[in-house]
Amino acid sequence: MTEQLLRPSVSVRSVIFDPSGSILILQRDSDHDWELPGGRLSSYEGVSEGLRREIREETSLSINIKDILLANSWINDQNNDRLGVYYVSNAERKRVRLSQEHTDFMWVTPTEATHKLSAAQAKAIQLSCDKHVSKPVLDI
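In the numbering used here, each residue carries its 1-based index in the sequence shown increased by 368.
Read the hints as simulated data drawn from the structure, not as lab findings. The C-beta atom is built at its ideal place from N, Cα and C for all residues, glycine as well. Any given hint could be a false lead.
Okay, the calculated beta carbon distance ranges per label pair [claimed, not checked]:
1. D397 <-> W442: 21 to 27 Å
2. D498 <-> H400: 18 to 24 Å
3. A487 <-> Y412: 14 to 20 Å
4. T370 <-> K484: 38 to 44 Å
All chains should be built: construct the whole structure from the sequences, respecting the hints.
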């Protein structure tokens with residue numbers, strides 16, 4: 369039997385802490401579900417470059433990437449291979465300007481965030497609480 373390799377599109381997302389320890393979540397315009405900020409990498413784009421671009425486009429925030437949290441793969445409802453990579457980051461300010469992809473945002477506690485997000489994103493929140501530090505340790 370021939371092995372079928374995963375050929376995913378790659379999404380990068382971040383658990384973003386503000387200075388008070390709250391986490392940013394965004395509400396998608398398409399289905400009104402909540403999610404962590406981030407999105408798909410473009411061709412030939414570095415991971416941290418793509419993550420910073422997505423965060424800037426969706427929220428207007430600049431972030432300090434701290435560490436990688438987890439990666440998971442799945443096949444979505446449209447039968448497309450996906451790979452999600454989650455990071456933890458800090459933002460120096462809380463003022464968010466949303467893109468057209470989202471209708472609302474909230475700065476919430478980690479517990480509140482886990483109740484509004486998918487299982488993989490909730491796991492990233494749990495892991496981020498151990499990794500949340502004040503100085504950048506990752507800058508790829």
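Tested hints:
1. Here the CB-CB span from D397 to W442 is close to 22 Å, well matched to the stated 21 to 27 Å.
2. Under the hint 18 to 24 Å, the C-beta atoms of D498 and H400, about 30 Å apart, miss the expected range.
3. Between A487 and Y412 the beta carbons are some 31 Å apart, a value that contradicts the proposed interval 14 to 20 Å.
4. In this structure the supplied range 38 to 44 Å holds for T370 paired with K484, their Cβ-Cβ distance being about 41 Å.
When held up to the earlier numbered hints, the structure conflicts with 2, 3 and fits the remainder.
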